[in-house]
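Chemist: The listed protein sequences correspond, in order, to chains A and B. Numbering (our numbering) for the first sequence: 61 to 450. Numbering (our numbering) for the second sequence: 18 to 407.
No wet-lab data here; the hints were simulated from the structure. The model shown is predicted, which means the values in this text are computed figures rather than measured ones. Beta carbons are placed, not taken as given, at the ideal position from N, Cα and C, and that holds for glycine. Just to be clear, a hint being listed does not mean it is correct.
Unchecked claim - Label-pair distances were calculated between CB atoms; the ranges are:
(1) B:G292 - A:V366: 32 to 38 Å
(2) A:A333 - B:A108: 33 to 39 Å
(3) B:A108 - A:P290: 32 to 38 Å
Said to hold, decoys possible - Non-contacting residues of chain A with respect to chain B, defined by C-beta distances greater than 10 Å in every case (computed):
(4) V343
(5) M375
(6) A403
The chain contents come next:
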Amino acid sequence: MSSLRPSIYLDHHASAPLTPAVRAAIGTLLGAGAANPSSIHGAGQDARHAIDRARVVIARAVGAKPRQVVLTSGATEANHAAIRGCVVTAARPVAWSSALAHPSVHAAIAALPNWEAQSLPITPTGHIDLAAARQLLDTTDARVDLLSVTLVSNELGTIQRVSELVGQVRASHPKALIHCDASQALGRVDVDFGSLGVDLLTLSGHKIGAPAGIGALIIADGLVLRPVLPGHQEGERRGGTENLIGAVALGTACGELPWRRAQMQHVRKLRDALWAGISELEVETVRHADVGQDQETGTCLSVAFVGLSASDLVMSLDVEGVAVSAGSACSSGTLSASPVIAAIVGEDDSGLAASTLRFSLGPESTTQDVDGAIAATALVTTRLAQQQRR
Amino acid sequence: MNQATTTDMPQPPAAPVAEMRADIGLPVGSRVAVAMSGGVDSSVVAGLLVEAGYEVIGLTARLYDVDPTEVARPGSCCAPEDARDARGVSATLGIRHYVLDEREIFHRDVIQPFLDDWRAGRTPNPCVACNRSLKFDRLVARARALGAQALATGHYARLDRDENGRARLRRGQDRGKDQAYFLYPLEPDVASFLRFPLGAMSKQEVRDHGQRLDLAVSDKPESMDICFVGAKKPAEWVASHGGAPSGTLVDLSGMRLGKHDNLAKFTVGQRRGLGLPGGGEAKYVVAKAADGTVTVGDHADLRVERLTLTPYSSVTGDELKPGRRVGIQVRHRARPVSAEVELVNGDQLVLRLCADLHGAACGQAGVVFDEERVLGGGTITDVTRGAGAQ
């Protein structure tokens, strides 16, 4: 069967390509045959050792200790484990997040019985409004039992000043549990468990060159969660036979993070060239989160094509060989307008959310990709505009 | 799957590559979109076009949400599970497939008018409304936006051009499956973009092609009922969606015969379920009014003298001239009846019946035929009853 893979892949925030080293590591494991890491025999021990070696690399990548690393099936499970695993004493606890959070964070909070969900305000540039957050949280009667904060927005690439927010919250609410979702941050910005100052940290494999199906939750020493999947594995913190291939792939990808980080200036240059090309097209565009270098990763271009439908654009670009995304894909494969974009543009410009595309780049992206994407965007925006005039 | 031996099996049909290419009328390799409902017909269309060498893109419209309390829905169409079936077929064929969220449009153009019609004493035809709005407008626009040269559907009707280059819509070869009646809102511009590749095939041939192409949907049951109503009767569905007026049953002199709780239980020409005392001549619904009044009469009182169709739309682009003899079909599966064009007034067409026609309901489609060719049609907006037929 022929592949439908477009020739230009600009959806690295959705899933990054597997790196050659990860492919090689997976290939070696597939060739070696399987064993259960919990088995006593030598084959089982080989598997256990492979996972433990991976755990060391994963821990080191984020300045954590290996025992703090709980492997999960991905960031969604890690977010659920962190949030739904919280043990608090308040009768009606309050969980804070923001519109920038991944849907799994909202889903996990919604699944907490008797909890109240609150949202921190965000700025039009796609950052948590720290001044407003201070006003909201820095009062004695504000209740904060859990804060979940996203280090890098999946849709905008904006970087949140997490340690500053953590400092604010710790000062007024020392007992609050603080979770950080760093799925989109790893490989793009520094992620250091200690300096972030959080209690729980979510990591994802398929954003850094490992396959989907592996992630990790870093849990601060002394913090006890109620496991969402009880079982003896992962130090009784996550049941289920460990995903050997996933763990080794994540470890390998984490080992390559220095290389990935070193490519980020190059990625930013490509992203800027992409915007330069797209902004010159005839179609009217509005770029979201157009902020300084230290406030966004440089890996992502979120841009509204005024008057055109994002789902039409995604499909049309795909047909022309360019993979991008818009909004969040729902289970049936339809697109709904991005709540993140809707939150930053405000009600007056709510139409922009349904016109917004996300181009996201990675170390594998090339100048040819950028030129091809600009040409394809020119073609499809012209065609869609003509179609609308019919 | 039936495992019959090859000797029991009829020879599989050959791939009708030449016929498909002739029918599509575009160079091999052209991009052709297929409206895929998830059923066997449109799946086979996609498969045959792939065989014929076109670049096929599957489009599935998501039209409504299924009531989760409703369990079994055999023979539905365009529900989420049908979108999954369409995706499965696309995977088998190796084609691109997109699900389009058309729920809002479908509600506006099909579901709401369906309710409004029943409440106003009309008998709606939602399949015609869906063809007009979803297939001939939205899907055509989406297909054009994707750069497709044509949109193919699984309808059983034949669409080509006559010697003068005008669109020619004719009944399907398989008269048991013929859908020409529902397709009259086809206007010339759209007709030139649409293709009905099954028009010359029988349902059995289509199923055989489905088997030959190994499409998992080839034994799927037919979708016959109104899709969003599901297993319910339309009257029950209307009752559970805000209801229709209650009212009285009267005879032609206005004398009260009884009462009813739901105007949507009645349609013109209906004999059963009137809730009237038995005995005497059979009684029929001859008219309905928005105030809930249902007028009952004898079979002879159903005789139609004149019909008004508004808005009348022409498949060919030609206006009908007064005095022209045509056939008028007022229900699916009914035989067209001879009529004469009496008046053409803007988008209004008035026909005087030249033969017996009993029972025409306002809201239904009135489709104008010349032999087996559809000239056009419109919604029946006025019916003059009387002894006019000769």
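Chemist: With d taken as the least Cβ-Cβ distance between A:M375 and chain B, does d exceed 10 Å?
Modeler: 5 Å, violated
Chemist: Verify this label for me: A:A403 is non-interface relative to chain B, using a Cβ-Cβ cutoff of 10 Å.
Modeler: 20 Å, holds
Chemist: Range first: 32 to 38 Å. Now tell me if the beta carbons of B:G292 and A:V366 are that far apart.
Modeler: 58 Å, violated
Chemist: Does 33 to 39 Å hold as the CB distance between A:A333 and B:A108, or does it fail?
Modeler: Since the Cβ atoms of A:A333 and B:A108 sit about 36 Å apart, the hinted range of 33 to 39 Å holds.
Chemist: Holds or violated: is the Cβ of A:V343 farther than 10 Å from all Cβ atoms of chain B?
Modeler: 14 Å, holds
Chemist: Is it true that the C-beta distance of B:A108 to A:P290 lies inside 32 to 38 Å, as the hint says?
Modeler: 36 Å, holds
Hint compliance for this structure: hints 1, 5 are broken, all remaining hints hold.
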